[in-house]
Amino acid sequence: MRALPVGDGALLVEVASGDEAQALHAELVRRRAEGSLSVREIVPAARTVLLDGLDDPARLASELTASDVPPAPPRARDVVELPVRYDGPDLADVAAHWGIREEEVARIHADTEFTVAFCGFAPGFGYLTGLPTRFDIPRRATPRTAVPAGSVGLAGPYTGVYPRSSPGGWQLIGTTDTVLWDHARVPAALLSPGTRVRFVPVGAA
Amino acid sequence: MTDRALAVVRSGALTTVQDQGRPGHAHLGVPRSGALDGPAAALANRLVGNRSEAAVLETTLNGCAVRPRSTVTVAVAGAPCPVTVDGRPAAWAAPVRVPAGSLLDVGPSLSGLRSYVAVSGGIAVEPVLGSRSTDLLSGLGPAPLTDGTVLPLGTPDELHARVDVAPQPAPPTELVLRVTLGPRDDWFAPEAVRTFTTRTFRVSSASNRIGLRTAGPALERTLKGELPSEGMVLGAVQVPPDGRPVVFLADHPTTGGYPVIGVVREPDLPAAAQAVPGTPVRFIKVRSR
Numbered sequence: 000m001r002a003l004p005v006g007d008g009a010l011l012v013e014v015a016s017g018d019e020a021q022a023l024h025a026e027l028v029r030r031r032a033e034g035s036l037s038v039r040e041i042v043p044a045a046r047t048v049l050l051d052g053l054d055d056p057a058r059l060a061s062e063l064t065a066s067d068v069p070p071a072p073p074r075a076r077d078v079v080e081l082p083v084r085y086d087g088p089d090l091a092d093v094a095a096h097w098g099i100r101e102e103e104v105a106r107i108h109a110d111t112e113f114t115v116a117f118c119g120f121a122p123g124f125g126y127l128t129g130l131p132t133r134f135d136i137p138r139r140a141t142p143r144t145a146v147p148a149g150s151v152g153l154a155g156p157y158t159g160v161y162p163r164s165s166p167g168g169w170q171l172i173g174t175t176d177t178v179l180w181d182h183a184r185v186p187a188a189l190l191s192p193g194t195r196v197r198f199v200p201v202g203a204a
Numbered sequence: 000m001t002d003r004a005l006a007v008v009r010s011g012a013l014t015t016v017q018d019q020g021r022p023g024h025a026h027l028g029v030p031r032s033g034a035l036d037g038p039a040a041a042l043a044n045r046l047v048g049n050r051s052e053a054a055v056l057e058t059t060l061n062g063c064a065v066r067p068r069s070t071v072t073v074a075v076a077g078a079p080c081p082v083t084v085d086g087r088p089a090a091w092a093a094p095v096r097v098p099a100g101s102l103l104d105v106g107p108s109l110s111g112l113r114s115y116v117a118v119s120g121g122i123a124v125e126p127v128l129g130s131r132s133t134d135l136l137s138g139l140g141p142a143p144l145t146d147g148t149v150l151p152l153g154t155p156d157e158l159h160a161r162v163d164v165a166p167q168p169a170p171p172t173e174l175v176l177r178v179t180l181g182p183r184d185d186w187f188a189p190e191a192v193r194t195f196t197t198r199t200f201r202v203s204s205a206s207n208r209i210g211l212r213t214a215g216p217a218l219e220r221t222l223k224g225e226l227p228s229e230g231m232v233l234g235a236v237q238v239p240p241d242g243r244p245v246v247f248l249a250d251h252p253t254t255g256g257y258p259v260i261g262v263v264r265e266p267d268l269p270a271a272a273q274a275v276p277g278t279p280v281r282f283i284k285v286r287s288r
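Residue numbers (numbering that gives the first Met the number 0), protein chains in the order written: chain Y, 0 to 204; chain A, 0 to 288.
Keep in mind that the hints were calculated from the coordinates and are not lab data. Worth double-checking, as some hints may not be accurate.
Stated by the list, open to error - Ranges between beta-carbon positions, derived for each pair:
{"id": "1", "chain 1": "Y", "residue 1": "S37", "chain 2": "A", "residue 2": "A214", "range": "50 to 56 Å"}
{"id": "2", "chain 1": "Y", "residue 1": "S66", "chain 2": "A", "residue 2": "P266", "range": "29 to 35 Å"}
{"id": "3", "chain 1": "A", "residue 1": "P240", "chain 2": "Y", "residue 2": "R58", "range": "32 to 38 Å"}
{"id": "4", "chain 1": "Y", "residue 1": "G52", "chain 2": "A", "residue 2": "P240", "range": "38 to 44 Å"}
{"id": "5", "chain 1": "Y", "residue 1": "S61", "chain 2": "A", "residue 2": "R68", "range": "55 to 61 Å"}
{"id": "6", "chain 1": "Y", "residue 1": "D110", "chain 2": "A", "residue 2": "E219", "range": "51 to 57 Å"}
{"id": "7", "chain 1": "A", "residue 1": "A214", "chain 2": "Y", "residue 2": "V199", "range": "46 to 52 Å"}
{"id": "8", "chain 1": "Y", "residue 1": "P142", "chain 2": "A", "residue 2": "G86", "range": "17 to 23 Å"}
Just so it is clear, CB atoms sit at the ideal spot from N, CA and C, and this is done for glycine as well.
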């Protein structure tokens, strides 16, 4: 674990893997909830957790790097189920890349329990991990100028759902009607770091 | 009951509603947003007796014109500009009474880029995640003003004393930004880091509320490849593949994959918000506190 200073009030804690980043994030959120950590933002990402709005980043840095991060705590949170139609325009490309048939892509995806590793790109856009690394897939060579809201896509090790229409380069395998982001709802984001997710196939495949 | 509202007659190049933003939601991918020149927005609010969290208008380059439906007190701060009420000159950076139905015109900035218009009672659009700010990256908050937009106003808060005049810094003729290096300065050759902290850049016209873009020397990376996405802070100086540093401002993305060579101190960012395209920019290396 490395803790890199970021400006005067933030710390970027770098760990060896995405799993470690998720465990560290869970631990830091726990510390903030119990009152032993005062921080404005805890932002997990692929291999890091950013802590922004710290009074004494240097002291926290030495404290963190001296201690072991416990493995991610038992997952007590409910699973969010997202009904999905596996009808994406890139289903055939994904199947070819994985060397299997299209129906198998849907089966593998729907049999996987995902965890929101982190959010970014747009409000409510979660980067979901859970697929074995052999299913990593590159982004599309040419991004689409408009990906419809609710599109379920794959990129690298991640699965994601577009909360609203936007440009995007992810490989689209399906569609959900579930609203991922609604700022009039509490909470606004259906998916936040640590949320467990399952995709439930609906309708004609 | 009076009709506490403001009709937009001339929306200008880009006028948005801004307050202190919505920090605390970065983990959901929500930018902090908020007034780019926070001290100017706070001053405008103080001049009309508003609380510092009241929402104001942030103009860009050529001001805006509005017509209140009830008599209000307004103040314009930030970029200096001509202010008129029904065509008659009024004071800048001072409280101005605008009678119901009169036209307040905030003219083009004489220097600087962004003027702040506070109205007694504050702009009272519905908050989103605790803030009324327009976030141009993610589209949260009210849309940028268009001609004909009608904005609700809050009730003036008489508890807060006004100030009559207040000094404020002039917009910069040269922008000097103090930076602490890192967290990814090791992705650059020592020569590139030296270039970054010694050479003069210029503010690019591609700058916006998301970032202050620069033109000038390109900073060459030694580490190629992709940086896995990581959290970004306000003031982060990100270096995209073209090598031209970008200073992240209030609407910056919460995560990013280009290396951050350094971070600009927060007190220096309001001046960055007022630097017009072409302004020379220097990054001065300081030690982390």
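How does the Cβ-Cβ distance of Y:D110 and A:E219 compare with 51 to 57 Å: does it lie in that range? Violated, since Y:D110 and A:E219 (Cβ atoms, about 46 Å apart) do not stay within the stated range.
Is 17 to 23 Å respected by the C-beta to C-beta distance linking Y:P142 and A:G86? violated (50 Å)
Is 29 to 35 Å a correct range for the gap between the Cβ atoms of Y:S66 and A:P266? holds (33 Å)
Assuming the hint says 32 to 38 Å, is it satisfied by the Cβ distance from A:P240 to Y:R58 or not? Distance hint for A:P240, Y:R58 holds at roughly 36 Å.
Determine whether the Cβ-Cβ distance between Y:G52 and A:P240 falls within the hinted range of 38 to 44 Å. violated (30 Å)
Outcome for the supplied range 55 to 61 Å, where the beta carbon pair is Y:S61 and A:R68: holds (58 Å)
That 46 to 52 Å hint for A:A214 and Y:V199 (C-beta), does it hold up? holds (51 Å)
Within 50 to 56 Å: is that where the Cβ-Cβ distance between Y:S37 and A:A214 falls? violated (40 Å)
Hint compliance for this structure: hints 1, 4, 6 and 8 are not met, and every other hint is.
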